[in-house]
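Which chain is which? The protein sequence lines are B and A, in order.
Residues in the first sequence are numbered consecutively from 1, following the numbering used here.
Residues in the second sequence are numbered consecutively from 351, following the numbering used here.
FYI, nobody ran anything at the bench for these hints, they're computed from the structure.
Wrong hints could be hidden among the right ones.
[Said to hold, decoys possible] Mimicking SDA-like on lysine to any residue, the simulated pairs with C-alpha atoms at most 25 Å apart in a straight line are: (1) A:Lys526 to B:Arg104; (2) A:Lys526 to B:Thr141; (3) A:Lys512 to A:Glu498; (4) A:Lys526 to B:Asp28; (5) A:Lys526 to B:Arg139.
[Stated by the list, open to error] Okay, the calculated beta carbon distance ranges per label pair: (6) B:Asp278 to A:Ala469: 55 to 61 Å; (7) B:Val200 to A:Pro408: 28 to 34 Å; (8) B:Pro335 to A:Arg497: 47 to 53 Å.
[Unchecked claim] A few chain A residues that don't get close to chain B, going by computed Cβ distances all over 10 Å: (9) Ile362; (10) Val380; (11) Glu471; (12) Val485; (13) Arg497; (14) Arg517; (15) Leu533; (16) Gln549.
Cβ coordinates follow ideal geometry from the N, Cα and C atoms, glycine included.
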Amino acid sequence: MLERVLEIVGRRLELDTGWVWLLDADSDRFYLAASLNLPPLLRRPVEMTAEPCWCMESFASGALRGNNVDVVACSRLRSVPGVPDLSGGIRYHASVALRSAEHRLGIMNLTGPAWRPLSERDLQLLETVGAIVGLAIERATLADAAGAARSDERTRLARELHDTLAQDLTAVGLHIEHAARHLEGQHDEARRALGTALAVTRRSVANARDSIGALRGDPLAGKTLSAALASLAHQFTSESGIRASVEAASAPVLPHSVDVELYRIVNEALSNVRRHSDAQRVRIRLAGDAHAVHVCVSDDGIGLDASAAHAERYGLVGMRERAQRLGGSFAFSVPPEGGTAIDVTVPLPP
Amino acid sequence: MIRVVVVDDHPIVRDGIVANLADAEEIRVVGTAADAATATDLIARERPDVIVLDLELPDRSGLDVIASFTAANNAGIVVFTAYGGEERIAAALERGARSYVLKGTPSDELIAATRAAAAGESRLSPEVATALAGVMRLPRRLRVTEREREILALLAQGLANKTIATRLDITERTVKFHVGELLDRLGATNRAQAVAIAQARGLL
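My request is simple: use the sequences and hints to build the entire structure.
Here is the structure:
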């Protein structure tokens with residue numbers, strides 16, 4: 001959504017470069033949420049990893065107001081003496097504060113090599129766009145909050161499972177053990193029966209503990225797969241500087257276990273991209289219909305060698321195993337247009 | 351004779367522990383408690399050799415009382431709990447527990463751990479030892495500090511930064527800083543995820 005906004009507004013104002021910082025409310029840190037035509041300088045990972053810059057500081061101090069679109073000499077864009085100019089001639093950008101009625105949400109920056117002072121009308125347009133985008137972001141945040149509420153519900157359920165089922169089963173097991181000990185050497189028939197009861201009880205305790213663990217340690221934290229992948233992509237981008245995007249077209253509702261395994265596969269694929277691929281962008285695509293779900297992670301990096309010698313190092317074995325556990329298939333490829341891609345297809349139960 | 355106090359809030363689990371310990375000839379259970387406050391008085395009065403301690407107590411976290419119980423009269427503590435979780439196991443042993451036994455393991459194991467604790471020794475099941483080794487391999491920058499652990503517990507209750515700040519008597523800005531550090535250390539993107547990860551690792 002944000003990239004589309006940058007594109008449309010950019011075309012209207014003839015500013016072909018832009019990026020959006022969003023503020024993570026819990027940690028007060030910015031992450032790069034969208035970008036368009038970044039100059040080489042800013043494409044280098046370290047430049048876009050939420051290191052503070054002047055526009056962030058003035059946003060934080062409240063000086064960057066929605067009704068006053070500032071043009072800030074960007075500390076991020078200044079060229080380093082003795083280093084070839086990679087900034088594409090850009091020195092300044094317009095910064096638009098994104099906010100809702102109650103919250104400061106982030107900053108949208110627009111610029112272009114042919115920078116010119118913006119007219120009053122342009123500024124008004126930017127201000128309006130900022131307000132609308134703020135509203136859209138606020139709505140998306142509320143949807144996230146609903147996901148968090150689901151996660152709280154799971155935690156509550158886990159606690160209840162522990163307090164009732166797991167505790168009672170533990171008690172039953174202890175009393176059976178006690179009884180069996182007092183029957184030692186006698187009443188073979190009764191001891192055998194108690195032995196069976198104890199085995200079943202222990203298995204149930206273990207199962208209950210696993211369920212509690214799954215409820216608590218859910219990597220998706222109660223979110224849908226596409227929402228969880230979106231936060232994974234945000235985190236990945238702000239940590240690595242590699243721009244990750246998620247396209248989730250009509251993602252089907254999946255069993256939780258499938259969600260979790262697919263999430264882990266994508267997580268492993270991203271860690272490969274970060275460590276080995278030397279990429280600038282990575283796309284995560286999630287699609288599916290009633291019969292199967294398909295996940296693809298592709299990057300624009302150097303293209304990894306898929307020969308057996310490297311399979312272990314790149315964690316391909318683990319990804320393949322996860323896919324197979326779901327009855328699905330896993331493919332690793334180096335497409336002709338460059339980069340590396342992994343494809344996972346998992347059939348869904350009819 | 352090994353004198354033992356049993357602390358567990360579930361009455362039938364408590365009875366079951368007592369019954370099984372009493373099956374061992376040299377062990378005598380001298381008292382039981384359902385919460386930390388009662389346990390504190392009981393331990394001061396009875397001065398047991400070993401305390402069998404559940405970590406889920408209604409009034410305080412069992413983790414928080416381990417140090418004071420150990421210091422009070424040099425009793426050996428055997429943690430007997432439903433949850434593993436590497437950080438929790440490490441925290442319990444760090445604070446002075448001798449052994450960590452998971453509920454559901456055969457009670458002979460609990461009896462053996464009680465004997466060992468009386469002799470000043472530890473007994474760790476392979477499962478517990480593996481978890482412990484996992485924590486020790488964790489790089490220092492990824493380890494959660496005591497302060498962050500405190501904040502995690504409040505996050506898990508769903509409290510807002512402002513409320514957490516008031517509770518801990520620090521500024522909201524400091525809370526935000528700690529939350530940021532926590533997200534980094536746990537590899538989480540938001541607080542819900544941080545809480546989920548922390549729970550899986552036994553930090554809560």
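Now the hints, each set against the structure:
This hinted pair checks out: Lys526 of chain A and Arg104 of chain B have alpha carbons roughly 15 Å apart, not beyond 25 Å. Restraint check for Lys526 of chain A and Thr141 of chain B: satisfied, since their Cα atoms lie roughly 18 Å apart, inside the 25 Å limit. With a CA separation close to 16 Å, the supplied pair Lys512 of chain A and Glu498 of chain A stays within the 25 Å bound. Restraint check for Lys526 of chain A and Asp28 of chain B: satisfied, since their Cα atoms lie roughly 6 Å apart, inside the 25 Å limit.
A threshold of 25 Å between alpha carbons decides the hint, and for Lys526 of chain A with Arg139 of chain B the separation of about 23 Å falls inside it, so the pair holds. Between Asp278 of chain B and Ala469 of chain A, the C-beta spacing of about 58 Å keeps the proposed range 55 to 61 Å intact. The beta-carbon spacing between Val200 of chain B and Pro408 of chain A, approximately 29 Å, falls within the hinted interval of 28 to 34 Å. One distance hint, 47 to 53 Å for the beta-carbon pair Pro335 of chain B and Arg497 of chain A, holds here, with the actual separation near 48 Å.
Distance check for Ile362 of chain A against chain B: the nearest CB is about 4 Å away, which does not clear 10 Å, and the non-interface claim fails. No Cβ of chain B approaches the Cβ of Val380 of chain A within 10 Å, the least distance being about 19 Å, so the stated non-interface status holds. The non-interface label for Glu471 of chain A is consistent with chain B: the shortest C-beta to C-beta separation is roughly 23 Å, beyond 10 Å. Non-interface call for Val485 of chain A relative to chain B: holds, since the shortest CB-CB distance, roughly 16 Å, exceeds 10 Å.
Separation of Arg497 of chain A from chain B is adequate, the least Cβ-Cβ distance of about 15 Å exceeding the 10 Å criterion. Taking the minimum C-beta to C-beta distance to chain B, about 17 Å, the non-interface status of Arg517 of chain A holds against the 10 Å cut. Distance check for Leu533 of chain A against chain B: the nearest CB is about 5 Å away, which does not clear 10 Å, and the non-interface claim fails. Residue-level check failed: Gln549 of chain A sits 4 Å from the nearest beta carbon of chain B, not beyond 10 Å.
Violated hints for the displayed structure, listed by number in ascending order: 9, 15, 16.
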